Amino acid sequence: MSESGKSESFELLCDHKEKFRDEIEFMWRFARAYGDMYELSTDTQEKKYYANIVFSSGKDSKMKIQQEDFFPV
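Residue numbers are given in this note's numbering: position 42 of the sequence shown equals residue 78, and the series is strictly consecutive.
Worth flagging that the hints you see were computed from the coordinates, not collected in a lab. All figures in this text were calculated on a predicted structure; none of them were measured in a lab. The reader is advised that the hints may include incorrect statements.
With a straight-line cut-off of 30 Å between C-alpha atoms, the simulated DSS-like cross-links for lysine-lysine are [stated by the list, open to error]:
id, residue 1, residue 2
1, Lys84, Lys55
2, Lys84, Lys42
3, Lys83, Lys42
4, Lys84, Lys53
5, Lys42, Lys55
6, Lys42, Lys53
7, Lys55, Lys83
8, Lys53, Lys83
Sequences and hints are given; from them, build the entire structure.
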């Protein structure tokens, strides 16, 4: 996907994050989009911001998966 496509996808996901925040697949895509934005960033502070969000989203998604018994613990 092109850089502009990744940015557009990220913006679209941001627009719908409140509506779908309890959906595991959405949260996975959302975390992935933050990872894409991290890769596209050239500013160190911006990279740190995206990295922290990805880390937090990943932890939240893992907890949600365990709660919904997608993967037995």
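Quick rundown of the hints versus the structure:
1. In summary, the hint linking Lys84 to Lys55 is supported, as the alpha carbons are separated by about 26 Å, within the 30 Å threshold.
2. For the hint linking Lys84 to Lys42, the alpha-carbon distance of about 18 Å falls within 30 Å, and the restraint holds.
3. A hinted pair counts as satisfied when its Cα atoms are at most 30 Å apart, and Lys83 with Lys42 qualifies at roughly 15 Å.
4. Annotation: proposed proximity of Lys84 to Lys53 holds, straight-line Cα distance about 21 Å (limit 30 Å).
5. Restraint check for Lys42 and Lys55: satisfied, since their Cα atoms lie roughly 21 Å apart, inside the 30 Å limit.
6. Distance restraint check for Lys42 and Lys53: the Cα-Cα separation of roughly 16 Å lies within the 30 Å cut-off, and the hinted pair is therefore satisfied.
7. For a cut-off of 30 Å, the pair hint linking Lys55 to Lys83 stands: about 26 Å separates their Cα positions.
8. In summary, the hint linking Lys53 to Lys83 is supported, as the alpha carbons are separated by about 21 Å, within the 30 Å threshold.
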